[in-house]
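Asker: Build the full structure now, drawing on both the sequences and the hints.
Numbering-wise, this note's numbering puts 146 at position 50 of the sequence shown, and it's gapless, one number per residue.
Quick caveat, the hints were computed from the structure, so don't treat them as lab data.
Note that this is a predicted model, so its numbers are computed, not measured.
Among the clues, some could well be false.
[As the list claims (entries may be wrong)] Capping the alpha-carbon separation at 35 Å, the derived lysine-lysine pairs in DSBU-like fashion look like this:
| id | residue 1 | residue 2 |
| --- | --- | --- |
| 1 | Lys302 | Lys196 |
| 2 | Lys298 | Lys202 |
| 3 | Lys433 | Lys218 |
| 4 | Lys215 | Lys433 |
| 5 | Lys431 | Lys248 |
| 6 | Lys282 | Lys431 |
| 7 | Lys431 | Lys556 |
| 8 | Lys248 | Lys302 |
| 9 | Lys556 | Lys411 |
| 10 | Lys248 | Lys352 |
| 11 | Lys218 | Lys511 |
| 12 | Lys411 | Lys493 |
| 13 | Lys202 | Lys218 |
| 14 | Lys243 | Lys282 |
| 15 | Lys298 | Lys190 |
| 16 | Lys215 | Lys190 |
| 17 | Lys376 | Lys196 |
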Amino acid sequence: MLPSLNSVAVAAVPFFIFFFFLKRGARVADHRKLAAVEREEASQDVYEMGRDTWTGLFYQNWSFDRYRHQFAGDGKRGQKVAMVTRFSSISTRKLSNALKILTFDKCMVATSDYDEFHKLAKRCLLTNTLGSNAQRRHRHHRETMIKNISSKLHDTLKKDPIRPINFREVFESELFGLAMKQALGKDVESIYVEEIGTLSRKEIHKVLVMDMMEGAIDVDWRDFFPYLRWIPNKSFEMNIQRKHFRRMALMNALIKDQMKRIDAGEEVNCYLDYLLSEAKTLTMDQLAMLLWETIIETADTTLVTTEWAMYQLAKDMIRQDRLYHELQKVCGSNKVKEENFSQIRYLDAVFHETLRKHSPAPLVPLRYVHEDTQIGGYHIPAGSEIAVNIYGCNMDKNFWENPEEWNPERFLDEKYDPLDLQKTMAFGAGKRACAGSLQAMLLACGAIGRLVQEFEWQLKDGEEEKVDTVGLTSQKLHPLLAVLKPRN
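Answerer: Printed below as a string of structure tokens:
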């Protein structure tokens with residue numbers, strides 16, 4: 097008979113305390129605290145499965161009279177068992193009240209249950225936008241993005257060579273433009289929305305990305321006390337519904353604008369055009385949500401990874417020089433291209449070490465256990481919920497040597513396949529693995545390689561101390577400010 101997780105326990109503090117600190121803008125010193133803060137559901141007892149406090153899985157099973165915290169499982173192996181072997185038992189999502197509204201009740205590939213809608217939506221997403229063939233078609237968008245970033249940096253340096261550059265501001269803007277082109281066929285400088293008025297590009301980004309990221313971690317105390325969900329929470333409901341309304345109104349306006357181009361016979365190679373012709377069973381709301389999903393996922397997590405990578409390289413000139421010399425050896429005087437990536441092992445190592453040290457999503461969204469199952473030698477009863485702790489897995493001292501150190505050289509070991517995107521679990525595993533892993537690698541590696549090839553990076557004085565993170569993803573609390581020097 098397998099041991100139950102209810103058999104051994106020690107007291108733990110309810111996680112909703114951390115949520116209130118996060119809501120008030122508290123600075124979170126590191127990802128271990130961030131992982132605790134980021135849980136989408138804290139209304140039930142929380143258990144963690146792993147070798148130490150931050151390794152493995154969160155397991156929860158509701159009991160109103162106690163909070164318990166205990167350990168089980170086997171770290172990375174336990175996570176893969178949960179995401180692959182036991183997938184059929186835990187394939188259902190259970191979302192917080194905020195995410196239920198913002199995802200239009202799971203109307204996204206990332207948050208939907210593993211049902212027919214999920215299969216259709218993911219097939220469309222891979223075929224037109226994120227699959228390998230689709231990424232080849234969209235290559236010109238990536239090349240344009242990187243060229244624009246390089247030009248903006250050079251222009252800024254010509255005006256003021258010693259002024260620190262806000263990397264996030266430049267990269268975020270171009271990344272958002274790429275996301276809009278892939279989803280809707282073109283970037284948009286402004287648009288009139290009947291329900292809101294005319295929005296500038298900056299306001300469009302705020303409505304589609306920034307407001308949604310803030311709303312996703314908005315606190316509804318009823319998530320922690322499900323027996324009291326009948327009590328109204330007007331301020332929360334009005335805030336989230338307002339964000340959702342503005343997002344949907346804007347998406348509908350963008351869709352109508354692009355449909356006019358399509359109806360006029362203009363050739364538009366984008367996700368919208370594909371969904372209109374190949375997924376005719378979708379409602380307009382579902383269509384809008386799937387388009388929005390590609391925008392926010394392209395515009396956020398890739399930014400997080402690339403900014404952290406450039407921070408680490410600017411901080412460590414020895415490793416930056418090593419990457420530069422390897423780029424020179426492979427590319428010579430030519431600009432680095434995607435076909436060069438397989439030859440530049442150190443670029444791949446920088447990318448994966450950044451994913452390990454700074455996991456863009458420290459926790460995988462909660463999964464609902466709809467039938468009794470076994471993970472790591474423990475019995476998990478139906479009705480429980482599991483959240484895979486990616487950060488804990490990537491910082492496990494039993495698996496990684498000196499995990500607190502950013503050390504790309506660890507991925508040059510022969511045991512790591514250069515083509516394996518699952519080295520760090522950052523993209524998940526199994527049927528729910530991140531569909532955008534290939535795009536993330538191409539965008540981040542393309543940007544990192546080109547930026548190191550063209551500029552020498554150094555941190556602004558005092559920048560090294562500003563590494564705290566807070567939010568739904570593990571973004572730097574403050575944008576990276578770097579002093580750049582053109583290499584030629």
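Asker: Could you tell me which of the hints above the structure violates, numbers in ascending order?
Answerer: none
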